[in-house]
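Respectively, the protein sequence lines represent chains G and W. full-length UniProt numbering numbers the first residue of the first sequence as 1 and each following residue consecutively. full-length UniProt numbering numbers the first residue of the second sequence as 1 and each following residue consecutively.
Honestly, I wouldn't trust all of these hints.
Same chains, same label: a pair holds when it works inside one copy or across any pair of copies.
As the list claims (entries may be wrong) - With a straight-line Cα cutoff of 16 Å, these simulated EDC-like cross-link-like pairs (lysine to aspartate or glutamate) come out:
| # | residue 1 | residue 2 |
| --- | --- | --- |
| 1 | 375 | 220 |
| 2 | 309 | 248 |
| 3 | 347 | 196 |
| 4 | 104 | 181 |
| 5 | 40 | 384 |
| 6 | 347 | 69 |
| 7 | 375 | 196 |
| 8 | 177 | 72 |
If you are wondering where the hints come from, they were derived from the structure by calculation, not from laboratory data.
2 protein chains.
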Amino acid sequence: MNIEVAEVRQTLEWLSSISDETGPGTTRLLYSPSWLTAQKALKEKFESLGMECRFDAVGNLFGTLVGSESPERKIATGSHVDTVVRGGKLDGQLGIFGGYLAVKHLLETCGRPKKSLEIISMAEEEGSRFPYVFWGSKNIFGLARPEDVTHLKDGQGVGFVDAMRGCGFDFGDGKVKDDLDAFIELHIEQGNFLEEENVTVGVVNSIVGQKRYNITLRGEANHAGTTLMRYRKDTVECLSRIVVHCLDKAKAAGDPLVLTFGKVVPKPNTVNVVPGETLFTMDCRHTDAAFLQAFTAELEADMKAIAAKAGIDIEIDNWMNEKPVSMDANVVSIIERVCRARQLNYKVMHSGAGHDSQIFAPRVPTGMIFVPSIKGISHNPAEDTKLEDLCEGIKALAYTLHELAY
Amino acid sequence: MNIEVAEVRQTLEWLSSISDETGPGTTRLLYSPSWLTAQKALKEKFESLGMECRFDAVGNLFGTLVGSESPERKIATGSHVDTVVRGGKLDGQLGIFGGYLAVKHLLETCGRPKKSLEIISMAEEEGSRFPYVFWGSKNIFGLARPEDVTHLKDGQGVGFVDAMRGCGFDFGDGKVKDDLDAFIELHIEQGNFLEEENVTVGVVNSIVGQKRYNITLRGEANHAGTTLMRYRKDTVECLSRIVVHCLDKAKAAGDPLVLTFGKVVPKPNTVNVVPGETLFTMDCRHTDAAFLQAFTAELEADMKAIAAKAGIDIEIDNWMNEKPVSMDANVVSIIERVCRARQLNYKVMHSGAGHDSQIFAPRVPTGMIFVPSIKGISHNPAEDTKLEDLCEGIKALAYTLHELAY
Chain G
1 MNIEVAEVRQ TLEWLSSISD ETGPGTTRLL YSPSWLTAQK ALKEKFESLG
51 MECRFDAVGN LFGTLVGSES PERKIATGSH VDTVVRGGKL DGQLGIFGGY
101 LAVKHLLETC GRPKKSLEII SMAEEEGSRF PYVFWGSKNI FGLARPEDVT
151 HLKDGQGVGF VDAMRGCGFD FGDGKVKDDL DAFIELHIEQ GNFLEEENVT
201 VGVVNSIVGQ KRYNITLRGE ANHAGTTLMR YRKDTVECLS RIVVHCLDKA
251 KAAGDPLVLT FGKVVPKPNT VNVVPGETLF TMDCRHTDAA FLQAFTAELE
301 ADMKAIAAKA GIDIEIDNWM NEKPVSMDAN VVSIIERVCR ARQLNYKVMH
351 SGAGHDSQIF APRVPTGMIF VPSIKGISHN PAEDTKLEDL CEGIKALAYT
401 LHELAY
Chain W
1 MNIEVAEVRQ TLEWLSSISD ETGPGTTRLL YSPSWLTAQK ALKEKFESLG
51 MECRFDAVGN LFGTLVGSES PERKIATGSH VDTVVRGGKL DGQLGIFGGY
101 LAVKHLLETC GRPKKSLEII SMAEEEGSRF PYVFWGSKNI FGLARPEDVT
151 HLKDGQGVGF VDAMRGCGFD FGDGKVKDDL DAFIELHIEQ GNFLEEENVT
201 VGVVNSIVGQ KRYNITLRGE ANHAGTTLMR YRKDTVECLS RIVVHCLDKA
251 KAAGDPLVLT FGKVVPKPNT VNVVPGETLF TMDCRHTDAA FLQAFTAELE
301 ADMKAIAAKA GIDIEIDNWM NEKPVSMDAN VVSIIERVCR ARQLNYKVMH
351 SGAGHDSQIF APRVPTGMIF VPSIKGISHN PAEDTKLEDL CEGIKALAYT
401 LHELAY
């Protein structure tokens with residue numbers, strides 16, 4: 001199979017140019033004009049290969065290359081067609097145009113598959129226009145309820161349902177798609193692991209679980225000049241002791257644990273007042289549910305002890321608790337085997353970010369293939385991957401689909 | 001001398017009720033209607049004791065009880081008549097009405113002094129209406145220049161000079177007041193040292209020097225899920241290591257050193273991004289100039305080393321560097337002697353905040369007397385001191401003035 005840089009570049013530029021704004025980057029929000037244009041253009045593209053295409057009720061696009069022996073069973077690939085505002089040209093849509101190129105080359109070189117091959121261009125994953133994520137994939141498995149979105153409005157005050165109906169779509173009947181034998185998603189890594197390790201293909205074995213917290217420290221606001229150190233209840237000091245302690249513990253625990261204190265808001269946040277209150281966030285991820293649970297429980301206890309020692313009240317609010325999701329072991333080993341056979345430079349790794357595959361994985365044997373992100377940059381117009389690496393990723397996908405469908 | 005709670009309460013309520021707003025707290029901004037009302041009312045009050053009164057060009061009020069032997073030499077007391085917005089009823093004006101009560105009782109019980117006694121109601125100290133501090137005391141010693149304030153406007157866009165002229169005042173001739181043999185300022189502590197130590201009178205021996213910094217850390221913003229711990233340049237982590245290290249060092253150095261990290265602003269300041277940039281402030285104070293200099297130099301070097309180790313750029317901007325100011329040793333020992341002789345419960349201490357006395361001290365033998373602030377609260381309508389403690393403070397002032405002028 002000879003997937004050329006020129007063809008990849010052309011297909012990538014064609015799809016990423018369909019944007020709500022004139023750059024920088026690609027902006028294609030759910031149910032926006034460019035979103036509809038992209039879905040319709042993809043349908044034509046798929047049909048040009050002789051694929052049978054259909055939209056479901058909410059606007060997920062399915063293109064099927066009908067199999068010769070078991071056409072009712074499907075091997076699917078794809079990803080989401082929506083982007084964040086001023087996003088990159090690869091997040092989501094690589095899985096769609098990469099799937100298209102893989103299927104195109106398989107058809108050209110190997111002819112019709114035994115099982116059907118399906119490309120799914122999913123309506124939505126990012127939650128960028130409306131505060132709801134995985135609208136596309138959740139609808140495929142009857143997991144989204146109308147009442148989850150009927151009250152949602154975008155930044156301009158447009159309602160979710162109005163936007164959906166404006167594109168000619170509507171709520172589905174909740175039926176669960178049950179014709180898939182496997183789902184493989186090609187995606188950019190959005191991190192710098194592959195780049196740092198000098199590897200071209202990531203074979204994803206799991207998607208991390210995530211716990212997110214809002215934590216509030218309440219001490220005492222005091223004059224920065226007249227309050228001796230021993231009389232202070234300084235919440236920035238307390239925050240700092242918590243951060244140092246928890247990050248040291250996280251580093252000692254090692255990969256794949258990641259721990260982030262991304263937001264810090266002291267009050268009154270001024271140079272000459274000992275900060276009497278500080279709000280901060282904690283984001284902790286790991287691929288092992290039990291480990292994540294035990295580790296964060298330990299951090300919670302440690303934070304309470306550090307605060308108590310300083311005479312500071314602490315309020316810990318764990319507002320997100322998503323379990324890790326494992327990819328299918330058989331699918332993972334098939335992708336690995338394919339990579340070895342074709343001498344692709346690969347590593348097995350986990351995903352630190354969420355993906356459509358986490359909705360598929362509990363219901364369908366699922367795997368993911370990553371390509372490197374230059375400097376790990378994503379959700380940004382500067383998001384990029386070397387064209388040669390994109391070719392390698394698409395090849396890994398094509399060979400895997402071949403293994404599963406031919 | 002019998003200074004009664006009832007009289008103190010009445011005088012305090014009378015003066016603090018002259019406010020630009022109807023509470024809570026007292027608001028009396030420079031050259032505002034209530035500011036002018038207060039200065040004129042104080043002039044009448046002083047005159048009712050037989051004092052000679054005059055305003056200088058910028059609106060500082062001087063009330064003189066003429067001495068019987070060396071009337072041309074003066075022992076002065078006083079403080080500033082302006083307040084912060086919604087300030088307390090004691091900051092500044094305690095030094096004026098307390099001075100008035102001290103002089104009144106000295107006159108009643110001891111008659112006319114040998115040297116003249118002078119009460120100064122200073123125009124401005126807080127910098128609350130216009131961003132300029134010590135306008136009153138600086139003008140007394142020819143230290144303020146017209147070009148420092150001609151461009152200043154208040155929050156409503158009113159110019160400094162227009163506000164000044166609207167009250168009937170104007171720039172002075174820059175002459176330096178040279179008739180003072182001593183200046184004693186009575187003030188609330190604005191901290192909780194006296195309260196915690198169960199002491200009623202603070203004899204101030206120095207006002208701290210202050211250094212203030214803006215510090216910027218520049219690392220790398222990264223995805224909180226996909227960036228392994230070892231690839232991060234996390235500026236909140238770096239900030240936290242700096243804060244813990246520096247505060248531990250400050251506590252080890254002991255009183256009177258105080259160190260505050262009051263402001264922290266990470267970017268982008270969101271739960272799921274490793275913060276790529278963090279701005280924070282550092283405020284460090286000590287009574288010994290050489291120690292303050294050496295200690296902050298050490299902190300600067302330590303911060304640079306901590307940042308360098310983390311691969312993070314650091315930019316350190318020291319935008320304020322005020323030297324400590326010593327009170328006059330002879331005046332301090334006179335106040336101490338008076339407190340011992342009258343069995344006042346006192347301690348020698350430093351001031352962690354700035355005061356008019358720091359402008360006087362390099363030019364006139366100067367001392368300060370503190371009374372406790374309940375819970376250390378100040379610049380707040382809840383600012384308060386027990387009436388009994390106010391009486392003790394006014395007594396300490398009166399006996400000191402007696403020692404110096406009779």
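Let me make sure I understand: some of the numbered hints might not hold for this structure. Which ones are they, in numerical order?
When the structure is compared with the hints, numbers 4, 5, 6 turn out to be violated.
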